[in-house]
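Trainee: Using the sequences and the accompanying hints, generate a full structural model.
Okay, so the sequence shown: first residue is -13 according to my numbering, each after it adds one.
All the pointers check out, no bait thrown in.
Taking lysine to any residue and the SDA-like style, the derived pairs with C-alpha atoms no more than 20 Å apart in a straight line are:
#1 Lys48 / Asn92
#2 Lys48 / Ile117
#3 Lys39 / Asn28
Here are the simulated distance ranges between beta carbons:
#4 Val(-7) / Leu24: 39 to 49 Å
#5 Leu(-2) / Ala82: 53 to 63 Å
#6 Ile153 / Asn122: 36 to 46 Å
#7 Lys148 / Glu99: 45 to 55 Å
Simulated from the structure, these hints should not be mistaken for laboratory data. For every residue, glycine included, the Cβ atom is placed at its ideal position computed from N, Cα and C.
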Amino acid sequence: MRENSKVMPYVLIGLVIAAIWLATSYNSLVSAKEDVNLAQSNVETAMQARIEKIPDLVATVKAYTAHEEKMYEELTQAREALASSIKSGNLQEIDAANRELTVKINNIISLAEDNPDFTSGEQYTSLMDSIEGAVNRITQARREYNKAVNAYNRKVNMFPGKIYAMIFGFDTLEEFKADEKAHSTNVVNYGD
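Mentor: And the structure:
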């Protein structure tokens, strides 16, 4: 009995240490997942800021060009699709809608650039600078998101985190990836 009482404090200390380690590991995974959620929110916020510039762009371009009504409608639809996908929180939908909005914005920019008097206007220049800034913030937010996902995935995939992740149901997450077109080489044809 006496020997048993000598071992008992060590067993209790061992159990306390194991419980603390388990709690710390779990909290670490939760913290990493929350960092990812924050980073995703930052991406969505940056995209929302760009969405909010679209009505100004449409109004500015419409003031100078009375045609190409279809382009304006498509831009408005793309803007609404991105806003809707941001509310859904689905990264694949958000990314696809953002790419579509970028295409529509580029169409409007091309239309505007065909009118040199228009592109030299102060309102247009200011608006394009603002949209460019929003695009830069989206790019930076995506980098931060991917960085947070990478840190989280390392915790989920490395030992002993992998064990805790399996026990508590933490799965790896997907990073933002470049559009498939980004992998193709751009070829400039100089009419040769």
